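Peer 1: Read off the chains here:
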Amino acid sequence: MKALHPLLFILFLGSTATVQAATDSTATTRQLGEVTVKARSNTRQFVESMQMGKTELPVAMLLKAPAIGGEADVVKALQLTPGVKSGTEGSIGMYVRGGANDENLILLDGAPLYNAGHLLGFFSVFNNTALKDVQLYKSGFGAKYGGRLSSVMDVRTKEASLTEYKGDVSIGTISSSASVQAPIIKDKLSLMVAGRRTYIDQVMKTVPYHFHDLNAKLYYMADSRNRFCISGYTGSDVLKPYTYGSNGEEKQAKDDIQSGMKMGNNTLSARWNHVSKNSKLSGDVTAYYSGFSYAIDGKMNSNTIYMQSAIRDMGVNGDVRLSHIAGHKLSAGFQFVNHYFNPNIVSSNGPLVERFGNSNGQHLHNNEAAVYLNDEVRIDSNWQIAAGMRISGLSTSGKILLHAEPRLGLRYMINERSSIKASYARMVQYLHMVSGSSLLLPTDLWYPATDKIKPAISDQASLGYYYSIPNAGISISAEAYYKWMQHLSEYKEGAILLMNDKYEDELVQGKGRAYGLELFVSKTTGRFTGWAGYTWSVAQRQFDSLNGGKEYYARYDRRHQLSLVGMYDVVKNWSVSTTVVYATGSPFTGQTSQYLVPKPGFAGFETLPAYTGRNEMRMSAAFRTDVDVAYKFNISRRIKADAHLSVYNVFNRTQPHSVRRIYDEKSQTYKYQQRGLFGTITAASLNIHL
Amino acid sequence: MYSIKIVFLLSMLVMFYSCRKPEPLDIKMPQQKDAPVISATITDAEGVVISAGYSMESIRNISDRNPQGKIPRDILVDSGTVRISEGNGAAYSLYRLSPGVYGSNELELKDGSSYTLHVTDPKKGTTATATTTYYVQPQGSSVTPVYKGIRNGDTLCTLQVAIPDAQKDARYFIGYTTTKQLRENVKVMSAPGAQNMSAIATFEPKQLELLQSKATAALSHSFTIKASAGDTLVVQVGRVDEGYYKYLQAYKRTGYLINQLTGEPINLPTNVQTGYGYFALCKPNRYVFDMKEYIK
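Those protein sequence lines, which keep their order, are chains A and B.
Counting in our numbering, the first sequence tops out at residue 1022, every number present.
Counting in our numbering, the second sequence tops out at residue 298, every number present.
Bound conformation, chain B alone:
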């Protein structure tokens, strides 16, 4: 019996010391870069601004060359030719505002018209095209913050959004952020590599609400957000075309935790041929709130 005990104890000892975990194995992933990346916005001064750049290898730490928080120049279309043509044939050239940024305030955007963007980079010999539809923004939309209270240290507000002139089947997005968050974004840009931005690859709820109107009637939506009295809240309400709406749907879904854990990776849809990003002409109505006026 004594020998059995010894054998048993020795076995336990062997077990304890022989449980180990192997080192992870490196795997080489094919790297791709220099696919055109496009995005667009309309400024308050009715100017169209296009940002044009390039994709980069997934292993690259993009903060390695921008200690000052600047976007690396080699991923921007530094001196390209950018042009927007309307469905009826009219074409507008955009001016270079800064590396990778082009703009024009000569476009006369018409409700329901389609516009095609052409970007050419003579240095790299690349071209990109993308087409979108412009819609006039809702005229009488409104946003009202309502203080909800403090729950476990979080100050909560409800944002009540109303679009009285919603069109049947029209699609809208509501984006919200704070000036504090905007400042954080700038900080992230200059963060060291280990904390590099990869918001979509890590859990970050997208601050975005999407609505589709079922009829030509007033549309309303309300949702709760966290805010503090020191915040300046920026809310945007805009009408978008179907393609961009689908892009935003997919973009929003990348922020759901359950999909981060269990879902297949998502390539976001794009209307840029052989590239990434989305060319959408949308000038959302912007509402700015000094939250100390709303939070008691």
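Isolated chain A, as found in the complex:
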């Protein structure tokens, strides 16, 4: 039975059934005045806007891409777009244009999220039923964005309808989610609440783990010029204390070992949106709170240890947009946030853990602030220029670190269908995530820049060509970029990451560069929709005290990456979607030699390994095909349904994740093997629409 656990887990992971219910409010008819709506199609927007390096795909389309275990996830779909690389197979880690996972600013309704993953990062914290819009920016950052080097992912949740009730219920074997949209005061006030919870802990008692999310959004339209939103999110991963060895053969273990864990995010944001009487001025004010904490407790016989770390942000942002000056789109704003870090709270008791001691942890308070000004100037019908300046700063260790972050963009319309764009952006990051793993571990800690650890800086220049075929809903782009990075942080070799108050002593700083070419084609209308993305890229690092000072490839440097995502309505009731992903293998440090030496003080002998230079070796390429087949049918006149059969990694190919040295009985020598995390995973799901 034990051997079946992983299989069952995967089975539960995949088989989800969704029930959606929508209840219309009592229909009332109102006569509306005539309104002229001017809207540019997405494909035209794609060519004409100043923005480059932005993923222009609607959420609904992203969520149609086949996913591992049938669990659609917006972050995993974004990993299939050019310039975004995933870390560990199946995880939500994002490595954008040669950047690290902590270089992505993830905003949920304006509040930053410090840990966007559940279950070691295999699920994102975003509940699909609550999502309205997701924008990912990789370059050409507007001056309003800052604080991270590589990307900005701006996630917005749905505002509930002011006129009608709606409900969604999703029931699966591993998780269930539900959302309700309700007008509280018709045409004035509405509330959206969405929740999700896994219950593998209820099915398999040996896995006392669950995670849950709760989103809520209160929307108030005071009048046509003033709107208010209050949005909240809370989510936790909970591993209840569990006694290992409490069943079967494991009972033989003489030690009584227990461990538990709880980690989670909480965010709360309040936004006021105002449009002036003459509609020439508009603006937002957003106040937010964001907190992330984890707590781990362990017990081994008479030894007990409790560890906790937390980070909390309280901030306020203001934006003003002016549109009455001919040929100008002016925007300005300010941002202020107070960061509070409280890492490494420890309580230990017992001889084996006494070296951890007892500590209230550090209490670090930092203020980060920025002001910005941005103007988009229309020079003529072909040329448009955007210039912005962001001045940001951090108060830390009694000092104020100030940085100017210039932004520049240029667009030239070749004709109605095509344009060329160029941009330059400097980004400054005042926080570092202290982590030693590709997985999102609860022990990953955020720390501020100090007088010893300088803020990281990136300068990115991009050039792109954009072409659209509006009638077919096709967008095509080619973007090249070069990114210089300074003051990147890495860990000293063998750094002690856990329970270390002197984290500054464990970090070293260096520089990096990344460059590449991204090709992207998308089709968003018709029976066949989808996208294709190809990336050729290089990401390198250089630290004086690592790898003998020699430049080396970043951990997720992959020379080529190709993603093909297609959705096709075959006949009336049948549709199929498929994903094909190819990526050059990740670099790694390999063991090439070994040597025998006495232990210090000649207390016996041991064999020590010798390795290549850092990341000099490369794993085999990863190739994967996923398929989802959907069949729509009617259960009754009122109840419609669609059944899905999705297969992840159809050809059961190994997606190399790690390299292990194993003993080969046949040859009586060691050999090296690459292993993946998952093979073929088939999942069925059923969606019922009431």
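Because the hints were derived from the structure by calculation, they are not lab data.
Just so we're clear, the structure is a prediction, and the values are computed from it rather than from any experiment.
Heads up, none of these hints are tricks.
Which stretches of chain A does chain B cover? Using the computed rule of at least three CB atoms under 8 Å from a CB of chain B, they are:
1. 945-959
2. 995-1003
3. 1006-1012
Below are the DSSO-like pairs computed for lysine-lysine, each with C-alpha atoms no more than 30 Å apart in a straight line:
4. Lys216(B) with Lys931(A)
5. Lys476(A) with Lys386(A)
6. Lys254(B) with Lys784(A)
7. Lys254(B) with Lys786(A)
8. Lys931(A) with Lys285(B)
9. Lys631(A) with Lys254(B)
10. Lys464(A) with Lys855(A)
11. Lys464(A) with Lys476(A)
Even for Gly, the Cβ is constructed at its ideal location relative to N, Cα and C.
Given the structure of chain A, go ahead and fit chain B onto it with the hints provided.
Peer 2: Chain B alone, transformed into the frame defined by chain A:
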């Protein structure tokens, strides 16, 4: 409705049987060998002993040629020329004591002086050099075991180490082991391939404490170890130079479980040019305790 149930059950069946995991892929790793490997110690009789050998391919099972637990001869500098020169130009030749082991008791080591080791193997045509600084060991250091009690079957003792004449910025190491563990080491040497020694590649806490004195003053340190009444405990306290201290720091860190799981592999620092190991001249003060005298 009946047909839907059938479709659903069939889907579940397909799911159950089609979940599989692919076989791992072999990967060829470039193999390197014959880089010089050096280590050194000073015996109780004030003799300097150097071990000189070679690195070997990482895929090699080093117990394949030593069923008797002996170190394979081809990874030893069997008949080389080994010489130590002092900063002032004086040079001493070392005698071959056994394959790969060379020694001399003619060296007059001076506190704070630097010494360079030269190893030449005429058979393979390799040479290795390494330089270190010698420091006189602390004179009045002491180690006191204190019985702490039995917790869940483990007998625990605290080792209280005192160095009354510590120098400012001086670096010290405290190593501890038991004669039982030393015997285990010998057993590991003769273990079959599958259990071959690769202590650093698997989790093994390094029995090592490192200290650096902030001032010229007495230095003390205490820590808890597991021991049993049948053990003979061997504790060593020695002063080392900065380079060897950094080597020991890195060596110790390789034993932390968290680094085994999440950290980058570590190439231990070396002062052997184009080779591995560490040439350090340190004669630690050794303390031997019959633990039955301390454990009630």
